[in-house]
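Add chain B to chain A, keeping to what the hints say.
Just so you know, the protein sequences line up as chains A and B, in that order.
Residue numbers are given in the numbering used here: position 184 of the first sequence equals residue 409, and the series is strictly consecutive.
Residue numbers are given in the numbering used here: position 37 of the second sequence equals residue 262, and the series is strictly consecutive.
No lab work stands behind these hints, which were simulated from the structure alone.
These figures come from a predicted structure and were not determined experimentally.
Be aware that one or more of the hints could be misleading.
All copies of an identical chain are treated as equivalent in the list; a pair is satisfied when it fits inside any one copy or across any two copies.
[Claimed, not checked] With a straight-line Cα cutoff of 16 Å, these simulated EDC-like cross-link-like pairs (lysine to aspartate or glutamate) come out: (1) LYS323 x ASP305; (2) LYS228 x GLU282; (3) LYS228 x GLU278; (4) LYS339 x GLU283; (5) LYS339 x GLU278; (6) LYS228 x ASP404; (7) LYS385 x GLU421; (8) LYS320 x GLU348; (9) LYS229 x ASP404; (10) LYS323 x GLU348; (11) LYS236 x ASP255.
Number of protein chains: 2
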Amino acid sequence: MLKKRLSEQLKFIIEIDKLKAVWRQSYLTDGSRKENSAEHSWHLALMVCVLQEYVPEEINLLHVLKMVLIHDLVEIDAGDTYCYDLAGRAQQAEKERKAAARIFNILPADQAQKLTALWLEFETGVTPEARYAAALDRLQPLLLNYASQGKSWQEHQIEKQQVLERNALIKDSSPVLWDYAWQLFQEAVEKGYLTE
Amino acid sequence: MLKKRLSEQLKFIIEIDKLKAVWRQSYLTDGSRKENSAEHSWHLALMVCVLQEYVPEEINLLHVLKMVLIHDLVEIDAGDTYCYDLAGRAQQAEKERKAAARIFNILPADQAQKLTALWLEFETGVTPEARYAAALDRLQPLLLNYASQGKSWQEHQIEKQQVLERNALIKDSSPVLWDYAWQLFQEAVEKGYLTE
Numbered sequence: 226m227l228k229k230r231l232s233e234q235l236k237f238i239i240e241i242d243k244l245k246a247v248w249r250q251s252y253l254t255d256g257s258r259k260e261n262s263a264e265h266s267w268h269l270a271l272m273v274c275v276l277q278e279y280v281p282e283e284i285n286l287l288h289v290l291k292m293v294l295i296h297d298l299v300e301i302d303a304g305d306t307y308c309y310d311l312a313g314r315a316q317q318a319e320k321e322r323k324a325a326a327r328i329f330n331i332l333p334a335d336q337a338q339k340l341t342a343l344w345l346e347f348e349t350g351v352t353p354e355a356r357y358a359a360a361l362d363r364l365q366p367l368l369l370n371y372a373s374q375g376k377s378w379q380e381h382q383i384e385k386q387q388v389l390e391r392n393a394l395i396k397d398s399s400p401v402l403w404d405y406a407w408q409l410f411q412e413a414v415e416k417g418y419l420t421e
Numbered sequence: 226m227l228k229k230r231l232s233e234q235l236k237f238i239i240e241i242d243k244l245k246a247v248w249r250q251s252y253l254t255d256g257s258r259k260e261n262s263a264e265h266s267w268h269l270a271l272m273v274c275v276l277q278e279y280v281p282e283e284i285n286l287l288h289v290l291k292m293v294l295i296h297d298l299v300e301i302d303a304g305d306t307y308c309y310d311l312a313g314r315a316q317q318a319e320k321e322r323k324a325a326a327r328i329f330n331i332l333p334a335d336q337a338q339k340l341t342a343l344w345l346e347f348e349t350g351v352t353p354e355a356r357y358a359a360a361l362d363r364l365q366p367l368l369l370n371y372a373s374q375g376k377s378w379q380e381h382q383i384e385k386q387q388v389l390e391r392n393a394l395i396k397d398s399s400p401v402l403w404d405y406a407w408q409l410f411q412e413a414v415e416k417g418y419l420t421e
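Looking at chain A on its own, in the form it has when it is part of the complex:
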């Protein structure tokens, strides 16, 4: 007989497979297709490992990794709202709260509580770990957009100012990465990937 606890954990593991079917607006670097939120979360997790040295504050790396691995799970129910769709984003918060309540609670109560707290920490964005996770969550699509010659920006007629406002929080975690992002914006405008 399978114990209730393990059975709940396995049910959660099967459930989260659905994140592979949530499509984002960013294209892969070669522009061949859009990426999904599971791939994005993996990419982000590896970036977290590689770029930690650019955060001046002390960071608990394990905590950030767990955070980025689960940060998009709510999209299984709530979907991915394009970051420049401001009307959509306003309604999104309530949908995501409900999604978190359903999805994390598939797990045994102690684990559900921990992952919910981790997700709320990410959403609130106050701790150094959450600010680092949020900074890379902005930088990752920026890198993909630049590499795919602004394909997604052009599809949605996004302008430089919108991208700058959206990404300014990178600075709150890492001035070095923000300098780099700034340079990338300039180049994206010069190359015509992004309009002024």
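Frame of chain A; chain B shown alone:
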């Protein structure tokens, strides 16, 4: 001017985007399509977080997470060889060594060295962390195969004995998870997902 070190790290981050284009033989749980190695790595990383309590040995969770996040990067050059393709697997080792040498060395030397060592640790499979990573690397496709009613097993005419041999190492990390895997095999055979 972008510093050489950050430039190398960003080049690596762009390079690994290619793992999203490496397709595995496992189908998603709903059977709609096969999964790629980036999604698989993400799924595995979350399983690592959720199932740690079933490993009797002491485990450094951060170490396992880094390991599963990078364990398939060599497939960018070497491709994914189906686990039951024994002839293919024999040639794979050399291809993967070359791939590791190229891909990890895009990073600055200190990081390249660490990730190469981590990948070798996974491949060698001796430490508790590597055994746990390997166990879940077997369990994850088993769960997907069962959920998708053995779609991939049937496509490749895989038999129960092959799956049992392939997955026996789960036991070396976690007797509880092995008991569960064993139960899943029995059910897979009873339901006709897997032939005797």
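Status of the hints after comparison with the structure:
1. LYS323 x ASP305: within (15 Å within a copy, 38 Å between copies)
2. LYS228 x GLU282: The answer is neither: 42 Å in one copy and 21 Å across copies each exceed 16 Å.
3. LYS228 x GLU278: Between copies only: 13 Å across chains, 42 Å inside a chain, cut-off 16 Å.
4. LYS339 x GLU283: Neither way: LYS339 and GLU283 sit 22 Å apart in one copy and 21 Å across, limit 16 Å.
5. LYS339 x GLU278: Classified as between: cross-chain Cα gap 15 Å, same-chain 27 Å, threshold 16 Å.
6. LYS228 x ASP404: Close across copies (11 Å), not inside one copy (52 Å); limit 16 Å.
7. LYS385 x GLU421: within (5 Å within a copy, 61 Å between copies)
8. LYS320 x GLU348: Within one copy only: 13 Å inside, 42 Å across.
9. LYS229 x ASP404: Close across copies (14 Å), not inside one copy (50 Å); limit 16 Å.
10. LYS323 x GLU348: within (14 Å within a copy, 41 Å between copies)
11. LYS236 x ASP255: Intra 35 Å, inter 14 Å, cutoff 16 Å: inter-copy only.
Violation of the numbered hints given earlier is confined to hints 2 and 4; the remaining hints are satisfied by the structure.
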